[in-house]
Amino acid sequence: MFPPRFEYVRVRSVAEAVEALTASLEGRVLAGGQSLLPLLRSHRVFADVLVDLGGVAELRGVRDEGDALWVGALTTHHEVACDPLVRVHCPLLARAAEAVADPAVRRRGTVGGALSYAAPAGDLPVAVVALGAECRVTGPDGERGVPASQFFVGEGATAMGPNEVLTGVRVPKWPGWSFHYERFSPAGRSWALTAAVAGVRPEDGRLAAARVVLGNLAPTPLRAPSVEAACAGLPVRASLMRTAARAVEADAAQGGRTVDDAEHRRGLARILAGRALIAAAGA
Amino acid sequence: MPGIGVAVTVDGVRHDDEVEACLPLTHYLHDRVSGGLPLGCEAAECGGCIVLVDGVAVKSCLMLAVQADGCEVTTVRGLADDDAVRCLARTFRRYVRRCAQCLPGLTVAAVDLLRDQEAVLSEQEIRARLAGVRCPCGDEADVVRAVREAADVLEALGTRTAG
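Chains G and F supply the protein sequences, listed in that same order.
Numbering-wise, the first sequence is residues 214 to 496 according to the working numbering.
Numbering-wise, the second sequence is residues 8 to 170 according to the working numbering.
Simulated from the structure, these hints should not be mistaken for laboratory data.
One or more of the hints may lead you astray.
Derived list of chain F stretches under chain G, where covered just means 3 residues or more per stretch with a C-beta under 8 angstroms from a C-beta of chain G [unchecked claim]: (1) 16-30; (2) 48-56; (3) 59-68.
Chain F residues, not near chain G, derived (Cβ > 10 angstroms throughout) [said to hold, decoys possible]: (4) P45; (5) Q74; (6) E130.
What you are looking at is a predicted structure, and each value in this text was computed from that prediction instead of being measured.
All C-beta atoms, glycine included, are put in the ideal place defined by N, C-alpha and C.
Extracted from the complex, chain F is given alone in its bound form:
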């Protein structure tokens, strides 16, 4: 079966490729991102494959590479070096002990949540918003703590409105 032409921007770099229709976006990204990305559970359970597609956090194992044609994809490696990412990296290092499978997606989902100025980051809301990450390596308690503390720091810096 002939390949299908796609143009996908991954972490700011445009790739023009020919892919097979059945190639999951997770596998496509795995081959395009320097240093590689873990494939996760590939069953839409662990959430480790969460990336931003045109700025929206989605599970890349539930997308075909052909569906990302013309889209801008941001993986954990391409997250901008802004205050939110730096604060979260610090609190994640302090509290979060997760496996290499789910950590990349968890980080992307947490950054997406932290950047959402509308979100009121109560413990319940953080749990609800990160419900897509379900890995047997841990529960959400550590992540809730990390996100909440990062939000506190950002609020003190004035880059996030208190909530």
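So here's chain G without its partners, still in its complex pose:
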């Protein structure tokens, strides 16, 4: 059982969901339930009303919007990982979705759910921040877009208001860029102890630009400007990129949190960022 008890509302549209949330005291949105149900069970979250979005068909699927892809909040990790549009235009997102938990969880877990859950160890938050995606949010005052870099505000906390619903993400296509995702899981576990995304734009054998985002080093995905700066203009050579990744130390000192194994994670982040850069650049 999931005590304490809650009321259950199945909605047919986003507008109905917002209405139900507004009418509730401590309403929660239920999508795939793969994060929310364990939270309810362990009493880490209290809800008087569960608003089940499951029946809102318009929030499911992937659309090509020209310079970006729109991924509906109810699209499952499995669907994202297999989607032909995602695999062609945002392969990083497919790779991150493929890394989530295990196959059974990926069949029900949704993109919107994983982003709203905002777990520091999550695979999708780092990916959407690295890809400069925009989170589309609908609430009582209408629809708005929140850049992914501002969407995550803390461990399990987002920039969404209590009566707002994440409806999807707009992910730019990044022509000319190549991204790669690296993660490290503790033995026998599926979540990432540390993760790194690197994106590069190679030009004439050099890195014209780079984007690096680190996962689970801070409560929210951590952009690594020092590594990016160290990469700019670098010849595409594995040893040089590995050296550039050492700048992770400087970035982690800026935003990293103080946990017991912080030093271990920083070391991992340096290695993962180096590997991700090398793989992205194809060196």
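Since the structure of chain G is provided, determine the placement of chain F on it from the hints.
Then chain F, alone, in the frame of chain G:
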């Protein structure tokens, strides 16, 4: 709080019930399946609660009974008596020594994998596809062996394309 009406087909039998919103699907199935089903760890760890919902292998402890309204659920007891199930039952008997908690879900996940004609059943792929079952009673080595051998038999029978 009043019950919510649901219609769930469990192993081919339709049930019309009134359930509480907070009832996990695992508990619902436990009461509906003849002979009962183990509840598993209830923390989404062991994978013993894996069932097919509309043909897709999912963890029933991570679903509410109300979410299964209108769905067709297949538990280990309702798996069709086809070649895949029979072959797997034989190789499971030979190699797999697992606890009663995780075995039902493990069987469902393995059958789901074996029926997937697209899957290339390398050792790595079998491990990856069965990663949802994590029980302290054993590691995947025995299961990998059982699934691989069942796949070999099915390929010899011609019901599975080699891969």
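We went through each hint and held it up to the structure:
no. : hint  : verdict
1   : 16-30 : holds (count 4)
2   : 48-56 : holds (count 4)
3   : 59-68 : holds (count 5)
4   : P45   : holds (16 angstroms)
5   : Q74   : violated (6 angstroms)
6   : E130  : holds (16 angstroms)
In terms of the numbered hints stated before, the structure departs from hint 5 and from no other.
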